[in-house]
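Peer 1: Letter by letter, the sequence shown follows residues 5 to 690 of our numbering.
It is worth saying that the hints were derived from the structure and are not from the lab. Just so we're clear, the structure is a prediction, and the values are computed from it rather than from any experiment. Hints may contain errors.
Said to hold, decoys possible - What follows is a list of derived Cβ distance ranges for each label pair: (1) Val381 / Pro680: 39 to 49 angstroms; (2) Ala93 / Arg27: 43 to 53 angstroms; (3) Arg334 / Ser261: 23 to 33 angstroms; (4) His235 / Ser61: 24 to 34 angstroms.
Where a beta carbon is used, it is the ideal one built from N, C-alpha and C, also for glycine.
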Amino acid sequence: MNSGLFETVLVANRGEIALRVIRTLRRLGIRSVAVHSDADAGARHVREADAAVRLASGYLDVEGVVAAARASGAQAVHPGYGFLAENTAFARRCAEAGLVFVGPPPEAIEAMGDKIRAKAAVEAAGVPVVPGGAEPGDDLAEAAARIGFPVLIKPSAGGGGKGMLVVRSADGLPDAIASARRTAEAAFGDGTLLVERYVGDPRHIEIQVLADAHGNVIHLGERECSLQRRHQKIIEEAPSPLLDEETRRRMGAAAVSAARAVGYVGAGTVEFIVPGDQPGHPGYFIEMNTRLQVEHPVTEMVTGLDLVELQLRVAAGEPLPLAQEDVRLRGHAVEARVYAEDPARDFLPTGGRVLALAEPRDGDGVRVDSGLFEGAVVGSDYDPMLSKVIAWGPDRASALRTLDAALRETSVLGVTTNVAFLRALLADPDVAAGRLGTGLIDQRLDALLTAAYGTGAPPDEVLAAAALVLQDRLSADAGDDPWEVPDGWRVGEAAWTTWLLAARGEPVPVRVRGLPGRAAEVAVGDGPARAARLTPGDAAGAAPGERRGDVLVTLDGVTARYACATGGGPAGSTVWLGREGHAWALTRHVPGDTGDRAAAGLAGDGVVRSPMPGTVLLVKVTPGEKVTEGQPLLIVEAMKMEHTVTAPADGVVAELSVRAGQPVDMDAVLAVVRAPDGSPDETGGS
5 MNSGLFETVL
15 VANRGEIALR
25 VIRTLRRLGI
35 RSVAVHSDAD
45 AGARHVREAD
55 AAVRLASGYL
65 DVEGVVAAAR
75 ASGAQAVHPG
85 YGFLAENTAF
95 ARRCAEAGLV
105 FVGPPPEAIE
115 AMGDKIRAKA
125 AVEAAGVPVV
135 PGGAEPGDDL
145 AEAAARIGFP
155 VLIKPSAGGG
165 GKGMLVVRSA
175 DGLPDAIASA
185 RRTAEAAFGD
195 GTLLVERYVG
205 DPRHIEIQVL
215 ADAHGNVIHL
225 GERECSLQRR
235 HQKIIEEAPS
245 PLLDEETRRR
255 MGAAAVSAAR
265 AVGYVGAGTV
275 EFIVPGDQPG
285 HPGYFIEMNT
295 RLQVEHPVTE
305 MVTGLDLVEL
315 QLRVAAGEPL
325 PLAQEDVRLR
335 GHAVEARVYA
345 EDPARDFLPT
355 GGRVLALAEP
365 RDGDGVRVDS
375 GLFEGAVVGS
385 DYDPMLSKVI
395 AWGPDRASAL
405 RTLDAALRET
415 SVLGVTTNVA
425 FLRALLADPD
435 VAAGRLGTGL
445 IDQRLDALLT
455 AAYGTGAPPD
465 EVLAAAALVL
475 QDRLSADAGD
485 DPWEVPDGWR
495 VGEAAWTTWL
505 LAARGEPVPV
515 RVRGLPGRAA
525 EVAVGDGPAR
535 AARLTPGDAA
545 GAAPGERRGD
555 VLVTLDGVTA
565 RYACATGGGP
575 AGSTVWLGRE
585 GHAWALTRHV
595 PGDTGDRAAA
605 GLAGDGVVRS
615 PMPGTVLLVK
625 VTPGEKVTEG
635 QPLLIVEAMK
645 MEHTVTAPAD
655 GVVAELSVRA
665 GQPVDMDAVL
675 AVVRAPDGSP
685 DETGGS
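Let's have the full structure, built from the sequences with the hints guiding it.
Peer 2: Structure representation (structure tokens):
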């Protein structure tokens, strides 16, 4: 039984957060109902819920979600985060339909969802705010000049860092305003902007609050979220290594005041920025997120509370089961967000199909919130976050060690992720010491990328392993007939077979001779021949030409284990290898094959390619137009993130292959820029 709570709750979300809510519902004995788009019909949250309803128009369809809740017999709707979680109209529509919205009252969502109103409300309650100005009352250019550059332009609606831009001079203001407004309109349906003084390299600290309908408001301590890229968090922890008890008390009291100022009920987060050079500063209010946060697990791990259960109990009308003096923080917790993105390409979103997956088990201080499964397709329609790995320890150092060990066990093959980058970030001396700042990643980016991915080609042992896998497949395909052995083999003796393998740079020749499963030799580039052996694990595949399973690769007597999957291109010409949180996609390069990414992406032929899978948002040039190096040609958008594609050199737009609104794959040809004399430019596209 569920002790008077709801009998059935519909979860209006997808992925890891839907699964996380379903887990608590199951523990409480509450029937769960999932919703899904057509693309998510086979997703994990659909399979693990007690019932599921198709949404013909997707997750933002208010009437579709309400109809699904009523048809399934749900008494309440849990929105998770994102999508409809901070949608005032949806909260009101639920109430009209007799459904309980598991979240704050619509009036509180409305007040805090508008950053301009929110700022005024909390300032009136005595909470410190950052100086700035806002539309429609202020002219943004005049406000920026008044408060002084650099400034931060951001949308009044929404959150998650979308549309936020730092502007360092008046010259860059018009383009920044236009870009932020486009993003705000696309992501939130509201292009209203505000401008604030930019606080350089601050700490980002947020306070978790809980409030019930009986006038009780408490806080559960803070989370530090200073490690960010593109104004979005990737590492969060609780408690903050910066705060002492007195500062924690002051910031907690300010957060409670902010919640009371708008009549808040439910779980919410009040976010602050704290000047990094002023220890003990109580921080400036940024915004309040009127929902569960992505990073809520770190609070759960240090308090021992289930925030989803508390949300449900408050929504059912119960008073909070604890008072402020009952809140105790125990130990330390750190969370890492696993994203489908390529840090080496400016953290742009990636995509693909998950060919092989390994995630750490829950337990021993480790928790994994994930919606991943083998065969899952990661596209550009949704946020690129795939999962969260969370670790707890009795102190910060042990929590960081446990998290790093868990990331070592994380392998996602088929989709480029940020796991190796996360490990490099955790190993940074300042991160280990707790000397954090929102600008740390930008300041250390080159060193972090080198630590995560090295320079140039992948390590020789990885190239050798990929060549052995390809060679093993060839020999297996040949069978036992010596006259059907593929090129590179002869009856009575073994000849060298050369594989051209490309990852992030020029193709590297790797020669293999002998039987990979018995005794072989491998030579990488101009290097010497090395004794090698490949011992495959149990291989399986979801489609012809695709195999997956661990492989053991021995080079000169040293054995290493790799997660392995093959797929992509003709006959599975890409080998994916994973080890200790690192992943490599090595594509067989066939000279002259224009479909090969390595061959085409580095050709230096004036071809301008899409940096990520997404949609062409804006085309700024026309065929025949003269352009200069660095001039914007197009804007590609994915997951509400814009990327401007520029001309690789001075020249003329000879070809324009796309139009606004057209979906494109990563590395799809967008345009061709030719030199003024008619020949291709000599630098290649970017």
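Peer 1: Hint by hint, say whether it matches the structure.
Peer 2: Okay, the hints, checked on the actual structure:
1. A hinted range of 39 to 49 angstroms for the beta carbons of Val381 and Pro680 is consistent with their spacing of about 43 angstroms.
2. A beta carbon spacing of about 29 angstroms between Ala93 and Arg27 contradicts the range 43 to 53 angstroms that was offered as a hint.
3. The supplied range of 23 to 33 angstroms is met by Arg334 and Ser261, whose beta-carbon atoms lie about 26 angstroms from each other.
4. The hint said 24 to 34 angstroms for the Cβ distance between His235 and Ser61, and at roughly 30 angstroms that hint holds.
Hint check: a violation occurs at hint 2 only; the rest are consistent with the structure.
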